[in-house]
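Asker: Sequence:
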Amino acid sequence: MKVKNPVDLSHPTPCVALLADQVGSRDSNRAQSHTAILNTLPHINQQVPSLDALRVTVGDELQGVYPTLGQALEASYRLRLELAGTVDLRIGLGRGEVVEIDTEHGIQDGSAWYAARDAIGQVASIAQTRGYRAVRTALVNADADEPESPLITPALQLIDSALGRLRTGAAQSLLALIDGHDNQSAAEAAGISPSANSQRIDNNDLRILADAIRAVIALP
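In the numbering used here, the protein residues as written are 1 to 220.
FYI, nobody ran anything at the bench for these hints, they're computed from the structure. Because the structure is a prediction, the values reported are computed rather than measured. One thing to keep in mind: the hints can contain errors.
To be verified - Pairwise CB distance ranges (calculated):
hint	residue 1	residue 2	range
1	V58	E188	37 to 45 Å
2	H181	V99	20 to 28 Å
3	H105	D205	15 to 23 Å
4	A189	A218	20 to 28 Å
5	N29	V99	22 to 30 Å
C-beta: ideal position from N, C-alpha, C; glycine also.
Required output: the full structure, derived from the provided sequences and hints.
Answerer: Right, dumping it as structure tokens:
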């Protein structure tokens with residue numbers, strides 16, 4: 001269902017477009033995956049400011065529009081962590097412009113969407129390469145005259161590599177760390193003891209990973 005835009009996109013607006021699609025969707029329980037995604041989206045949209053809320057479009061694809069790269073990354077990481085163990089997503093991010101050309105049906109165009117489509121294609125290609133199979137995120141800037149920092153791609157790939165090794169429980173503990181919950185409240189939410197949650201954090205180096213995610217979600 002189309003979510004009403006909180007921002008007027010009737011004119012070309014600088015932004016970061018996010019495309020997400022499910023890895024291995026043909027081999028999954030599509031109904032179960034779809035339900036899990038729909039149940040997760042309201043929480044993501046409440047927590048992360050957007051220009052156009054994250055929503056399901058065609059098939060197993062999602063899209064959203066964000067003011068900054070950091071906010072687009074935050075939405076993608078929250079989505080992946082909340083769906084860990086249920087749905088595996090690849091993320092394409094495009095920095096450029098978006099314009100809404102059909103308000104009634106929510107149809108958008110713009111360089112950011114073309115860049116995001118290129119980015120998600122890059123993820124699918126890179127993840128087929130030995131040594132890069134955990135890559136789930138790519139960023140393309142539509143403006144060749146303003147290239148992104150050369151540090152962004154390796155940083156995102158390192159985070160992807162670490163996320164790809166996490167079990168569902170560790171992903172839950174990581175999300176609690178990112179949200180600033182103390183050990184006691186995180187353990188209670190997970191239904192485990194504080195000692196078990198601490199072990200998850202230590203055994204998976206989650207504090208380092210949480211610091212890295214906090215750094216990239218602050219990017220302009």
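Asker: Given a hinted range of 20 to 28 Å, is it respected by the beta-carbon distance of A189 and A218?
Answerer: 25 Å, holds
Asker: Given the hint of 37 to 45 Å, is the C-beta distance from V58 to E188 inside that range or not?
Answerer: 39 Å, holds
Asker: Evaluate the given range 15 to 23 Å for the C-beta pair formed by H105 and D205.
Answerer: Because 45 Å falls outside the window, the suggested range is violated.
Asker: Using the C-beta atoms of H181 and V99, is the stated range 20 to 28 Å upheld?
Answerer: 39 Å, violated
Asker: Against the range 22 to 30 Å, how does the distance between the Cβ atoms of N29 and V99 compare: consistent or not?
Answerer: 37 Å, violated
The structure fails to meet hints 2, 3 and 5 from the earlier list, while all remaining hints are met.
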